[in-house]
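Participant: These are the residues of each chain, in order.
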Amino acid sequence: MATGGDDLKLLGVWDSPYVNRVQIVLNLKGLSYEYVEEDLLNKSELLLSSNPMHKKVPVLIHGGKPVCESQVIVQYLDEVFAGAGPSILPADPYERATARFWAAFVDDKVGSPWYTILFAREAEKKAEAAALIVAALETLEGAFRDCSGERGGYFGGDGVGFVDVVLGSYLGWFKVIEKMTGVRVLDAARTPLLAAWGERFAAADAAKGVLPDDVDKVLEFLQTFLD
Amino acid sequence: MAAEKKGLQLLDFWVSPFGQRCRIAMAEKGLAYEYLEQDLGNKSELLLRSNPVHKKIPVLLHDGRPVCESLIILQYLDEAFPSTPALLPAGDPYARAQARFWADYVDKKVYDCGSRLWKLKGEPQAEARKEMVEILKTLEGALGEKPYFGGDTFGFVDVAFVPFTAWFLSYERYGEFSVAEVAPKLAAWAKRCGERESVAKNLHPPEKVYEFIGVLKKKYGVE
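Here the protein sequences come in this chain order: A and B. The first sequence begins at 1 in the numbering used here and counts up by one. The second sequence begins at 1001 in the numbering used here and counts up by one.
Hints in this document: simulated from the structure, not taken from any laboratory. Bear in mind the structure is a predicted one, so any value in this text is a computation, not a measurement. All C-beta atoms in this analysis are idealised placements derived from N, C-alpha and C, irrespective of residue type, glycine included. Do not rely on the hints blindly, as some may be mistaken.
Listed next, with one range per pair, are the computed distances between beta-carbon atoms [unchecked claim]:
#	chain 1	residue 1	chain 2	residue 2	range
1	A	R190	B	F1212	37 to 45 angstroms
2	B	E1211	A	S112	27 to 35 angstroms
3	A	A189	B	E1195	23 to 31 angstroms
4	B	L1048	A	V36	43 to 51 angstroms
5	A	N42	B	G1030	34 to 42 angstroms
6	A	K179	B	Y1220	15 to 23 angstroms
7	A	L31	B	V1215	33 to 41 angstroms
8	B	A1090	A	S44	29 to 37 angstroms
9	B	P1205	A	A189	52 to 60 angstroms
10	A	G182	B	K1218	40 to 48 angstroms
11	B	R1065	A	P52	13 to 21 angstroms
12	A	S44	B	K1185	28 to 36 angstroms
Straight-line C-alpha distance at most 30 angstroms; calculated DSS-like pairs for lysine-lysine [said to hold, decoys possible]:
#	chain 1	residue 1	chain 2	residue 2
13	A	K56	B	K1108
14	B	K1043	A	K55
15	B	K1191	B	K1130
16	A	K125	B	K1191
17	B	K1137	B	K1119
18	B	K1029	A	K55
19	B	K1218	B	K1119
20	B	K1108	B	K1121
21	A	K109	B	K1185
22	B	K1185	B	K1043
23	A	K29	A	K43
24	B	K1137	A	K56
25	A	K109	B	K1217
26	A	K179	A	K9
27	A	K55	B	K1005
28	A	K29	A	K179
29	B	K1201	A	K55
30	A	K55	B	K1146
31	A	K109	B	K1208
32	A	K109	B	K1146
33	B	K1119	B	K1029
34	A	K9	A	K29
35	B	K1029	A	K56
36	A	K55	A	K175
37	B	K1146	A	K125
38	B	K1121	B	K1146
39	B	K1191	A	K43
40	B	K1119	A	K65
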């Protein structure tokens, strides 16, 4: 086992939004890394020793040292590799606070219901959770208008930023949620700006090949955790 | 309508550990601010306007512009006032990532588990007690032999966690355990922090917190 040096290793699961956002940032910054697919039903020694507190993915291991929690990892990469590729967080302190606020909002108001939809047994709970995501996206439509500015196609303005990668990492799941609950959470009729942003983000080079796009494959994989 | 107020204002609630983080941070940084106590049962126009999404305190207003979420406020204070003592270690991304991780751990675990301790009874309360002891031991592990979570510096994680030291007495009474016994280094850390002026001036006595919980319990109809 190599230690030290500058090598990057990412422990993840292919359909996790939290892992995907780290992969997207690594791509944006043009960083090469070793990806290790974890079996969450049989966690590796490396995962357990790198993240003993939460035992979750993603874990970034940089030169042998682990960094845990996806938003912490993204900010870490932005700071260590400040020269590489675009800055994920803006330079201005107030804009940074705003980006952090919306990123926290996304994981709280989209992420928590997402988890419920995956793992709650009752259809009613899933439906409630889908409605919560719809409401969160309606709020984010307003946030997008405020953050993107005049010409911006992204929350980060001209280019992809922190809120983009955090929210964008759930995009692959929205179609899955639609199949599971019948609710189209991201709908151009309700949130036109966000719907357009979603297409734009999913088509970005950094996101292609990362965000899951095969709904049935995701559902099949999810089933292995529910059985 | 009043013109945008210059300087720093803090919309807060006296016993809130999240608000106290901000008070302590500004004290450590020597930043003057106007403290505005909020009535959470009858939220002000200013609070609702400043935090329309969550309608919660604390909210920091800087020249009238709101910053919400206590840990975000702490980072904002570091970045907007770079000549003041830094909470997050400057120039060390790995140490900063560790600090952010542990502050997030405090956020995810402490308040919630503490609330379950005083809200619940029987088996669920016993579960909460077990969990709280585990949380305190884990945090003690993160502290290690250092005087502060920030090393020699009273830093980000210290500020994030120290307000909860005023709740230790309540956790001990409801959980029937002793912090000094299960996590002696943490208890020593709490005492060390309590000697700092910023902390001493901005935390309420543990008995007052215990009293407050008593009031909350009545309000929620918890016996």
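Participant: If a hint holds in the structure, say so; if it does not, say that too.
Facilitator: Consistency of the hints with the structure:
1. R190/A <-> F1212/B: 37 to 45 angstroms: Check passed, 42 angstroms falls within 37 to 45 angstroms.
2. E1211/B <-> S112/A: 27 to 35 angstroms: Holds - the Cβ-Cβ distance for E1211/B and S112/A, about 33 angstroms, lies within 27 to 35 angstroms.
3. A189/A <-> E1195/B: 23 to 31 angstroms: For E1195/B against A189/A, whose Cβ atoms are near 60 angstroms apart, the range 23 to 31 angstroms is violated.
4. L1048/B <-> V36/A: 43 to 51 angstroms: Holds, since L1048/B and V36/A (Cβ atoms, about 47 angstroms apart) stay within the stated range.
5. N42/A <-> G1030/B: 34 to 42 angstroms: Taking Cβ atoms as reference, N42/A and G1030/B lie about 53 angstroms apart, which means the hint is violated.
6. K179/A <-> Y1220/B: 15 to 23 angstroms: About 40 angstroms separates the Cβ atoms of K179/A and Y1220/B, which means 15 to 23 angstroms is violated.
7. L31/A <-> V1215/B: 33 to 41 angstroms: Cβ of L31/A to Cβ of V1215/B: about 53 angstroms, so the range 33 to 41 angstroms is violated.
8. A1090/B <-> S44/A: 29 to 37 angstroms: Check passed, 35 angstroms falls within 29 to 37 angstroms.
9. P1205/B <-> A189/A: 52 to 60 angstroms: 55 angstroms, holds
10. G182/A <-> K1218/B: 40 to 48 angstroms: For G182/A and K1218/B the Cβ distance comes to about 44 angstroms; the hint holds.
11. R1065/B <-> P52/A: 13 to 21 angstroms: 40 angstroms, violated
12. S44/A <-> K1185/B: 28 to 36 angstroms: Since S44/A and K1185/B have Cβ atoms about 31 angstroms apart, the given range 28 to 36 angstroms holds.
13. K56/A <-> K1108/B: It holds: about 14 angstroms lies between the C-alpha atoms, which stays within 30 angstroms.
14. K1043/B <-> K55/A: Violated, at roughly 40 angstroms.
15. K1191/B <-> K1130/B: Since the Cα atoms of K1191/B and K1130/B sit roughly 23 angstroms apart, the hinted pair holds (cutoff 30 angstroms).
16. K125/A <-> K1191/B: 45 angstroms, violated
17. K1137/B <-> K1119/B: 22 angstroms, holds
18. K1029/B <-> K55/A: With a Cα-Cα distance of about 36 angstroms, the restraint between K1029/B and K55/A is violated, given a limit of 30 angstroms.
19. K1218/B <-> K1119/B: Holds, at about 10 angstroms.
20. K1108/B <-> K1121/B: 22 angstroms, holds
21. K109/A <-> K1185/B: Between K109/A and K1185/B the Cα gap is close to 36 angstroms, so the pair fails against 30 angstroms, i.e. violated.
22. K1185/B <-> K1043/B: 40 angstroms, violated
23. K29/A <-> K43/A: Answer holds: K29/A to K43/A is near 29 angstroms, not above 30 angstroms.
24. K1137/B <-> K56/A: 20 angstroms, holds
25. K109/A <-> K1217/B: Holds. K109/A to K1217/B sits at ~28 angstroms (cutoff 30 angstroms).
26. K179/A <-> K9/A: Given pair K179/A, K9/A is violated - Cα atoms ~33 angstroms apart, limit 30 angstroms.
27. K55/A <-> K1005/B: 46 angstroms, violated
28. K29/A <-> K179/A: 34 angstroms, violated
29. K1201/B <-> K55/A: It is violated: about 38 angstroms lies between the C-alpha atoms, which goes past 30 angstroms.
30. K55/A <-> K1146/B: Within the cut-off at roughly 25 angstroms; holds.
31. K109/A <-> K1208/B: 33 angstroms, violated
32. K109/A <-> K1146/B: With Cα atoms ~36 angstroms apart, K109/A and K1146/B exceed 30 angstroms; violated.
33. K1119/B <-> K1029/B: Violated. K1119/B to K1029/B sits at ~36 angstroms, over the 30 angstroms cutoff.
34. K9/A <-> K29/A: Holds, at roughly 15 angstroms.
35. K1029/B <-> K56/A: 35 angstroms, violated
36. K55/A <-> K175/A: 28 angstroms, holds
37. K1146/B <-> K125/A: 45 angstroms, violated
38. K1121/B <-> K1146/B: Measuring from Cα to Cα gives roughly 36 angstroms; hence the hint is violated.
39. K1191/B <-> K43/A: 39 angstroms, violated
40. K1119/B <-> K65/A: 39 angstroms, violated
In summary, the structure is inconsistent with hints 3, 5, 6, 7, 11, 14, 16, 18, 21, 22, 26, 27, 28, 29, 31, 32, 33, 35, 37, 38, 39, 40 from the numbered list given earlier, while agreeing with the others.
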